[in-house]
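There are 2 protein chains.
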Amino acid sequence: MSEPLAAGSVIGILGGGQLGRMLSVAASRLGYRCHIYDPADHIPAADVAHAVSNAAWEDSDALARFARAVDLVTYEFENIPTATLDLLEPLCPIRPGRQALAVSQDRLTEKTFLRDLGLQTAPFAPVADPQALAHAFEALGAPAILKTRRMGYDGKGQVRLDSAAQCASAWEAMGGALAVLEGFVPFAREVSVIAARGLTGEVACYDPGENLHKSGILVETRVPAGLRPDHRSDAVIIAARILNALEYVGVLGVEIFVTEQGLVVNEIAPRVHNSGHWTQNGCAVDQFEQHIRAITGLPLGNGHRHSDVVMQNLIGDDLDRLPDLLRAPHTAVHLYGKPETRPGRKMGHVNRITPAR
Amino acid sequence: MSEPLAAGSVIGILGGGQLGRMLSVAASRLGYRCHIYDPADHIPAADVAHAVSNAAWEDSDALARFARAVDLVTYEFENIPTATLDLLEPLCPIRPGRQALAVSQDRLTEKTFLRDLGLQTAPFAPVADPQALAHAFEALGAPAILKTRRMGYDGKGQVRLDSAAQCASAWEAMGGALAVLEGFVPFAREVSVIAARGLTGEVACYDPGENLHKSGILVETRVPAGLRPDHRSDAVIIAARILNALEYVGVLGVEIFVTEQGLVVNEIAPRVHNSGHWTQNGCAVDQFEQHIRAITGLPLGNGHRHSDVVMQNLIGDDLDRLPDLLRAPHTAVHLYGKPETRPGRKMGHVNRITPAR
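Note that the protein sequences, when read in sequence, are chains Z and H.
So the first sequence is residues 32 to 388, counted in this note's numbering.
So the second sequence is residues 32 to 388, counted in this note's numbering.
Each hint should be verified, as a subset may be incorrect.
For chains that are exact copies, the list does not tell them apart, and a pair is met inside one copy or across any two.
Subject to a maximum C-alpha distance of 25 Å in a straight line, what follows is the list of computed SDA-like cross-link-like pairs (lysine to any residue) [as the list claims (entries may be wrong)]: (1) K377 - L122; (2) K369 - D147; (3) K369 - S40; (4) K377 - T143; (5) K369 - H66; (6) K377 - A95; (7) K369 - S84; (8) K369 - A82; (9) K377 - T152; (10) K377 - S40; (11) K377 - D349.
Think of the hints as simulated: they come from the structure by calculation, not from any bench.
Generate the whole structure from the sequences, applying the supplied hints.
What follows is the structure, encoded as structure tokens:
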């Protein structure tokens, strides 16, 4: 096994939103410096980064300069253009690797991968034209959800179908993008497991968190989740199997539905995950540091929780509650430094802690 | 009362060592950006700062540009040249204010201030020449410690005197600097209180930590300290009295000796303090965020501790223990990103947590 990345080395992060921002802070605790690459006008991670490349994903010169300036590349989101990765890959290591990105960038590949691993998923069918959609809807039944294969997040790129008559308009709403039709999974709760695998193959998982969504956006994660002990173990085992199958290096988020038929994997995210923010105030080593430890070859934290946590996102004008939240006991506030609110925009989150049960 | 400093505002920090570095990270959590001013070749805080001015303390142009670029100035160490502060003061608010700096920059002023407040200090006498030293030594008795009035830290600028015969060489060792001779205080333990006072006068204290020094350098702080309940209360009250007397805004560290005659104040530091690093993993709001909250006019955290903590500094080649420390459960590692070790240099610290008793 090779040595861990040397202290003082530079980690390149593709994407400088709140996840890149919190990764950069965690990297600093381990003595690393972060260089952010992001085409956006405002880059939240820039406030706490060693360097920033503000250039387009297609800018091959900027990408080459970035690759030369860093010792390792990671990312805060999975929808990185393939051409960008093709440019970077010969120049420096990318962790987690391309396989994890290929699987998670495409819902069809992802669902096929999970099914082939023997895991339960929602019933699904690929949809490439209106006829295929009509057939798939007939097979899966109502309700069903039409989702773009690529670039969906926070409920975007999804249309719910309750009757065959809606198929045509739903197809049009997707603008002709390749899609997957998913059968509806009636579930009691949604949990997620934040899991990590290191360069040596070591695996560590945090306890599952229970998620609450509103309009497709995560609003709350509670740890511990209200899970039966066998489901808790199963959820962690599922995450570990996915990590090993992908020979994954880094932190991965796995969203799981708890149903009467057992655990159904909803989706995986090859990165730190909003539903893992509770670890910042519940664990000695949080998910951001865990990711940095994994990709740099350092030992992983053990995932132990010292406190129970309720994490709530501050979305849009939730920021109006800030004065009260800052006064609330046992409450940690994390703001992202975004310049203005807009409806549905994640502006920060709070972790409210209680002694671990 | 005025509004808190607006989100997105820039906080200027004089000094970019590890304290400035951890202040900058804490400020980011509250949506502020930090601009570091430091003349050093290597600036640990630069890795996680919005901007850096790398210029001399005497560079009036650089100081004026810095002052125009920030909304508020704070500092990570108390020995800032008076001329630097004189230049900055008309241009932007400095918090904590000049009075706290004036008191803590000069041991004689500090001890006089504490004594006038009715607090116990070590017996002391000002020393401006060899004759005064001889007289002071006769009055205070052996052993005694000769300390420079200004610029002392981590045991530097101190000479121990066990006999009158040593006075002449001790005076020479100080190079003619104005000094204070302090009588020896036999103490059972040293504790410190990290306390904060906000813009509205609100005060919040963390529980006292118990400190262990080696060669004049802090090596360990344990919380809770082994204190009688009445001494614990007295220690916190002492800190609060000092904060109020100085009309202080920010975090202050108070070092206190526990003796048979009660609590004796050793010294105060008008800033976040090494003995408060345990709060990073013991409290929802740590001392760095508490300082930022105080100086920006936000509500203070309440100082509650969710875990007991043993903080150990990583000094010089203690870094050799890093692989084991990264593997240790319930242990959080904090490195400062300093490029090379040298004997006595603080390279990082670890916090080992256990459930709060």
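Checked hints:
1. Taking CA atoms no more than 25 Å apart as the test, K377 paired with L122 passes in neither setting, with 33 Å inside one copy and 35 Å between copies.
2. Neither within a single protomer nor between protomers do K369 and D147 lie at most 25 Å apart by alpha-carbon distance, with minima of 41 Å and 48 Å respectively.
3. Within a single copy, K369 and S40 get their C-alpha atoms only as close as 28 Å, which misses the 25 Å cut-off; across copies the closest is 12 Å, which meets it.
4. When the C-alpha separation of K377 and T143 is checked against a cutoff of 25 Å, the pair qualifies neither within a copy, at 31 Å, nor between copies, at 52 Å.
5. Taking identical chains as interchangeable, the C-alpha atoms of K369 and H66 lie at most 25 Å apart whether they share a chain (19 Å) or sit on different chains (18 Å).
6. Proximity of K377 and A95 under a CA criterion of 25 Å is satisfied in neither setting, with 31 Å inside one chain copy and 36 Å between copies.
7. In this assembly of identical chains, K369 and S84 lie within 25 Å of each other by CA distance both inside one copy and across copies; the values are 18 Å within and 24 Å between.
8. When the C-alpha separation of K369 and A82 is checked against a cutoff of 25 Å, the pair qualifies both within a copy, at 18 Å, and between copies, at 17 Å.
9. For the homomeric pair K377 and T152, neither the shortest alpha-carbon distance inside one copy (28 Å) nor that between copies (51 Å) is at most 25 Å.
10. Proximity of K377 and S40 under a CA criterion of 25 Å is satisfied inter-copy only: 20 Å between copies versus 30 Å inside one chain copy.
11. Taking the closest pair of Cα atoms, K377 and D349 come within 25 Å of each other only inside a single copy of the chain (9 Å); across copies the shortest separation is 41 Å, beyond that limit.
In this structure, the hints that do not hold are numbers 1, 2, 4, 6, 9, in rising order.
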